[in-house]
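Participant: Each chain, written out:
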Amino acid sequence: MFDLLGMGLRIILNPSTFLLITAGTILGVVFGAMPGVSASMAVALALPFAYAMDPVIAIAFLVSVYCASITGGGITAILFKIPGTPSSAPTTFDGYPMAQRGEAGKALGFSLIASAVGGLVAAFAMALVSPQLASIALEFGPSELFAVSFLGISVLSCLDSDNIVKTLISGLIGLLLACVGMDPMLGISRFTWGSSTLLSGIEMIPIMIGLFAVTEVLKQTAKSKKIEVSDKEKNESTKMKTVLPSVKEIWETKGTMTRSSILGTVIGILPGAGATIASFLSYAIEKKVSKHPEKLGTGIADGIVASEAANNAATGGSMVPLLSLGIPGGNAAAIMMTALVIKGVQIGPLLIKTQPQYLASVFGSMLITNIVMVIVAMAVAKVFAKILAIPYTILGPVIVMLATIGAYALKNNTGDVILMAAAGIIGYMFVKLGYNSAALVLGLVLGQMSESNFRRAYTLANGDLVKVFTRPITAVLMIACVLMLVYPLIKYILRKKSW
Amino acid sequence: MLKKKILAVLSTTFLLGACGDSSDKVAVDGPWKWERKVEIICPWGTGGGADTTTRTFATALEKELGVPVVVNNRSGAGGVSGIQFGAKQPADGYTYIMSTPSPLLAQISGATPYDVYGTLNPLIQMVHDVNIFVTSSKSPYNNFTELMEYVDKNPGKVKAGVMTITGLDAACVMGATDGKIEPVAYTEGSQLNADVIGGHVDIACVGPAEVAAMVASGDMKVLLALTENRLTLPGYENVPSSKELGLNTYFGPARGIFYINGTPDKAIEAFEAAAQRAIESDFFQNWAKNEGLDQRKGWLNTEEFKAQWKNDYNSLTELFGKK
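One line per chain: the protein sequences are A and B, in this order. Under the working numbering, the first residue of the first sequence is numbered 13, with each subsequent residue one higher. Under the working numbering, the first residue of the second sequence is numbered 15, with each subsequent residue one higher.
Hint data in this document are derived by calculation from the structure and do not stem from the laboratory. Be careful, since some hints might not be right.
A partial selection of chain B residues facing chain A, derived with a Cβ cut-off under 8 Å [stated by the list, open to error]:
#: 1; residue: Asn86
#: 2; residue: Ser89
#: 3; residue: Gly92
#: 4; residue: Gln98
#: 5; residue: Ser123
#: 6; residue: Thr126
#: 7; residue: Ile179
#: 8; residue: Ala199
#: 9; residue: Ser204
#: 10; residue: Asn207
#: 11; residue: Ala227
#: 12; residue: Ser231
We treat Cβ as the ideally placed atom computed from N, Cα and C, and that holds for glycine.
Produce the entire structure from the sequences given, and follow the hints as far as they go.
Facilitator: In structure tokens:
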């Protein structure tokens, strides 16, 4: 496998290729930071450039755009609470509070290092054990994928331990919203009231932009007096140099880093699951295993690391089935496959034997991108962080404007802008009433995946529920779900005893 | 420094986009003169088959019309949102809609109350893709006849993965197997392919391009091509076609351009003539060949396309129409 590494580096370190990858990284970070431009859209936008390149270089270029766009999404999530890509939504939970405290530089530093580590872990996993990992992925059919997504939903019970009932209600609202649109199995419309916007389902991006960004603007507007003061404080504290995380601080997150990178890689490999689910699951699991779960969500490094390491690892993970089976692990990977197929590359198990240069090129590109990215993104973030010094009376409306553009750009549809606005108001009500927006998003993200996979598994088993749940992987995962659901209860009982 | 660099990269991008192919030639097709940009609404998102076909066509058409041809993606509701938007545009000959029979099916099956059939008027067909049945290489059947024998011995056991339950792929499954194989809807093509290889679902109805890699590597075998003639793609020589098995099912994604009610006749004629030259150009034909889209006659003029669209409407209503 070290041949592959050598070959990859030889391809990538060619000066012109290196320049292209750097350009791809810049493009990716900038696109990723724009709300509404998802990672797959960034890859699609970069595709015309790739057409003109040699296929080996084209794939390296596209991979760099892909990896960097996922990282770019974290920048706006931390600074403005706008998740640039859906997969950076959990980054806002801890990143934004840190930025509010004037630790924007530190938060960005953690986010970038975690992204790089996640990306590198996935790159090595891809290069070393791709065929083995891909064959494991094939074991995941509809019933197993249902179990994975249900595992994600069961995590709801511990997103906010002070408010379990309200959190569960928020999650259920999310699940209900996931039911809107065309029924995934029967093709009939549900809860659409004749609206064509609702027929295609409730899109995650406008809802997330509304719940996070618009709600935040409303919150800040409601307490305008305080902002004047904190703005001046911010001016002092947004100097990035002074607050970069130290090596020691980064080393302290090594446990989270490792867990999230591995989890992200595995989720990325599964067909149908992607970076978004990886980051949410990882954040939730961190909340489970953390020694101080109550601190997560208040602005600590672990939360940022969990989300960012996982979503970047998932990008590498999604390349595994693409290169070893010809099955893209997500939308962005599918677009890359189209590019390769047009160039006449035969993707599949034989690729590593007959045309190892492609695998090497992807591997090399992931290695270099994840390192170059830290430098590039740091510079981009510095530019972005300066924006924080702008008074909120100006910044707030600009954020709303960006949010509107982001929601509209998704499908060039005004319906999504209305959804975003509604989500912003609902999000504000949630904050006031103590409900949990993150739980709603989690329900919306996982609702469709768990519903359609469950019904698919049910149909494939001819309606035999026992057959659905006795598949070995499903059974193990479902037991884990049950344990997760009752764990807060057990902990509560144990704590009572010790009192 | 870096800010400048980013600006430079971005502005170059936009400049390239802006001045791509701004040839000074103003083509005049008969009595109609193209004066400003033409917009084609693609009711599906960027990167998919519908989008890439439309964009390739737009590039070729631009050279013929002498004015920019812009593709506007307005996705949602399985294509219905884009069509609804397109119908609201002024019918002055400068806005057209790209579509396949899928939104039509959404109307026929009752998923949308919108009158797709009454809104879209066929203008020209760009390409006509095919559907095939594939299965895992480990399956006990090697061709469609063996599959149906297996189904008769194990009734209700075999399921077919499709991408849209009210789509052409489901129509192919229902039509070719006489309803003996139940279609199961998938939402992600990647999951469908993985499930076929992993043996979670027995067969799948897909397009050749989506499974080219897996067929070439031997992970999947092709059972049937739902076509009039055998496919000429390499590796498909022994795959039977619908016609030779006496199955009357030939649905495949036909991608065409439609005009809005009220568009001037002169514009339609001029568009048709220019589109024919664009589709027949080497640029478009080479692309179609690379994509495996050369298996059926792509180009249909307005008259032929209208006849086919009507025919599709009738046969799909028969299969999926509300009883």
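Participant: Report the numbers of all earlier hints that the structure fails to satisfy, in ascending order.
Facilitator: none
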